[in-house]
Amino acid sequence: MNAIFADVPLFPERASTTAYQVDALFFFLCAVCGGMAVLVAALLLYFSFKYRRRGEDDRTPRITGNHRLEWFWTIAPLFVFVVMFVWGAKIYTSVSEPPPDAMEIFVIGKQWMWKFQYPGGERAIENLYVPVDQPIKLTLASEDVIHDFFVPAFRTKIDVIPGRYVQIWFRPTKVGEYHLFCSQYCGTNHSQMIGKVFVVERDDFRKYLDGRKATGSLADQGWQLFLKFQCNTCHSSNAEARAPVLEGLANNMVTLNNGKKVRADDGYLRESILNPEEKVVQGWQPIMPTYKGQANEEDIIKLLAYIKSLKPGQTPSRNENSSPPLDAPRVPPKEKIEPGDRKPPYQPEGQNGKP
Amino acid sequence: MSDAIVRGFVPQAKARPPRTPETHYLNVEYGVKSWLLTTDHKRIAILYLIAVTALFLLGGAAATMIRLNLMTPRGELLPADTYNKLFSAHGIIMVWFFLVPVVPTVLGNFILPMMVGARDLAFPKLNLISWYIFTIGGIITLWAILAGGVDTGWTFYTPFSTKAARTNVIPTIIGIFISGFSSILTGLNFIATLHRMRAPGMTWTRMPLFLWSSYATSVILLLATPVLAMALILVGVERAWGIGIFDPDLGGDPILFQHLFWFYSHPVVYVMVLPAMGIVSEIITCFSRKPIFGYIFVAWASVGIAVLGFLVWAHHMFVAGQSVYSAQVFSALSYLVAVPSAIKVFNWTATLYKGSISFETPMLFALGFIALFTMGGLTGLMLAALGVDMHVHDTYFIIAHFHFIMVGGTVMAYMAGLHYWWPKMTGRMYSDFLSKLSALIIFVGFILTFLPQFVLGYLGMPRRYHVYPPEFQILNVMSSAGASILAVGYLLPLIYLIWSLFAGKAAGPNPWGATGLEWQTPSPPPPHNFDETPVVTSGPYEYATEEITDVH
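The listed protein sequences derive, respectively, from chains A and B.
Going by the numbering used here, the first residue of the first sequence is number 1, and it counts up by one from there.
Going by the numbering used here, the first residue of the second sequence is number 1, and it counts up by one from there.
Think of the hints as simulated: they come from the structure by calculation, not from any bench.
Even glycine gets a Cβ: it sits at the ideal position worked out from N, Cα and C.
Hints may contain errors.
As the list claims (entries may be wrong) - Every beta carbon over 10 angstroms from chain A, so not counted as near; a handful from chain B, in silico:
no.	residue
1	S34
2	N84
3	L126
4	L188
5	A199
6	L234
7	I343
8	F433
9	I441
10	L501
Unchecked claim - Below are the PhoX-like pairs computed for lysine-lysine, each with C-alpha atoms no more than 20 angstroms apart in a straight line:
no.	chain 1	residue 1	chain 2	residue 2
11	A	K292	B	K163
12	A	K115	A	K213
13	B	K163	A	K110
14	A	K196	A	K115
15	A	K228	A	K292
16	B	K505	B	K436
17	A	K207	A	K196
18	A	K279	A	K292
19	B	K354	A	K50
Pulled out of the complex, with its shape left as it was, chain A reads as follows (with noise of 0.2 angstroms):
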């Protein structure tokens, strides 16, 4: 019997900072659930023992009620249900913030797998790689339908809804493998979304990234899709530009057309690549036309990296040889740029190699 239990897992591992938060106030709710359960049971036995009937001509006294002690609990659990509740909103509270120091991994759920994206443009499927005792900040985007991103071992999970990004972020405290599922129900294979979690030695992840060999950063990457979508035919530093020059805008505050102030913040940009008409800002007319179809999630992860790496003055300029973006309105070429006369608009600062 002990062989076939000693395998067997009764707790979950504990491998971020979160996890041994959540398991205090587990064991505390335990503790006190626990405890009233207990109370009410042994009550229940008690007076079922004590009070059997002995016979049918039993005498019952006539209590209907007592309202000191009605009240007692009814106000009473109240106290236990306010230590509960803030705590619980406590460490809720602690897991939406991302510290500013934390280290931002993009995750695309899709039926029925994983896909990561590093800062330097190394991509993996499945099995996620991240550094012990570095705070790790996921944004994560669905291309299909709701998934969920739950790794048991870091007590944290969060659902990945699809048309906008959502955020979550942990520090890993223990080096080891642990299982990654999808806990929302996404269709046949649901059960197979899973994968594995590493956390590994800082060296380690240096030598896993280095062994992705990516082509670039994701802001590199970003940046050809910026030149491969002409994006810079309208969003240019030019005097004719049709729309706003987009260096230094991400997470800065933009003021819409409809006088509202918004933070041009992941989802922002993202809603503004994918349904152009619906934020835009003052001062410009709504011509851009949408890229849904054409950019995917992991593209406008790039084109998002890009603008966000984007300094004054960085804006390549139009490319007046291929035709603008469809759908979008002509516009007349004021003046030539010779070929040879276009200088690398974006000189990356990533150590990951050049476009």
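Using the hints, position chain B against chain A.
Only chain B this time, still in chain A's reference frame:
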């Protein structure tokens, strides 16, 4: 002591064996037509009993297949698609075609008019129509499930259900949509009956607690069901015509569906649990021969649950990317809704104090209800804590929690009520030994099935998994073994209850010595319930034999 006023329960004379009356609702007419066109609430209750029992067996068969498949980590028994269709069928049938209707339509239909001292419900024809609507909805859904199936789970989450699922989504939701009208009509009928048909002297505070909880249930059915109907229609519209409502590719919002769905589906948990609580209040008082401890608190707790139950829906969405503030508000409200349930548990327990407790079958089930419901409620407190929900959401912890509420709670109480009122419904007693045995088997089987699932859930096994990592196998095998015991426990009553119809002893009007109006008429009752309109002169649970000034 000895010269205290003796009131309330007086033991029945043992000398005369009870007899079945010559004419009663079962033998007043014969033939299929007399049943299918009946407007007698008691016959309609029997029609419902047959329908929901058949559906319970189907839902149970699906559960059996699920548990068999999960015996091995690779899920060799069933292909993934079949497995997904089976858990969807299990959820859809059990929630909409068993748990929601079972207590109101079977026990409520039979007992509620008699409890208020009425000849029938306020709208007898509407009552029959609602059975037909329920049956038509059920048949359509069953057809959709059997002819190809549906693999969205009972939750129909978008955009999976609107664009990715390749199964019979639309026929299934049409079936559920139709059966929703039956819920609404039943709720309407109960509310009208409770307002208009109470016997002379039965004031609101003299109503048995089952009526309070039925009233609260009816209000929820009336207010929440239309929201579900709307949400399902929108799923159908998007799926059929590609009109963007939930699918972000069409400009919709998938989370909107979850809000609409849970705005119905959380209150509907209380539709399942409130009538169950009403049953338990009737049985605990009867078998401990005591008035309920704190009638007003227990009655208003039902109302409190019905109201607060509408304000907690988004606790099903704590990990669905909602804002931190919204999560905090819904977490706090979820704790609030636990208070009335806690009141009820404490008051039932206090009712036992100084009682004369006998352990007939209904009482065993009712005590089982209190134990299991308490565990379900307490694990609910864990889930309401945001930090813990983040880990156990969508795992087997949730599965175990809501089965404690719905099976350990509602089904236990339904079994309690069925055994309590069976002599009234049929005029016959069932086997004492077998029924007590089945109560025991169900309790033990239930614990064995669902306790390991709490451990599995905290370990991180997600729900709706056809295959799973091998280290979870032993706990899954334990759960499946428990399920096989549970299955025996549920099949046993089917045998001895049917047997009792032919060979059971005559029950007599009041075999338990209970005080409700339904026990003042013969068993089975005459077609119009009462020969004379009863007059109510006291509260519902005058069991006590001693006059004691209360310990207020």
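Results of checking the hints against the structure:
no., hint, result
1, S34, "41 angstroms, holds"
2, N84, "7 angstroms, violated"
3, L126, "37 angstroms, holds"
4, L188, "32 angstroms, holds"
5, A199, "22 angstroms, holds"
6, L234, "17 angstroms, holds"
7, I343, "6 angstroms, violated"
8, F433, "18 angstroms, holds"
9, I441, "19 angstroms, holds"
10, L501, "29 angstroms, holds"
11, A/K292 with B/K163, "17 angstroms, holds"
12, A/K115 with A/K213, "16 angstroms, holds"
13, B/K163 with A/K110, "14 angstroms, holds"
14, A/K196 with A/K115, "12 angstroms, holds"
15, A/K228 with A/K292, "15 angstroms, holds"
16, B/K505 with B/K436, "17 angstroms, holds"
17, A/K207 with A/K196, "18 angstroms, holds"
18, A/K279 with A/K292, "16 angstroms, holds"
19, B/K354 with A/K50, "8 angstroms, holds"
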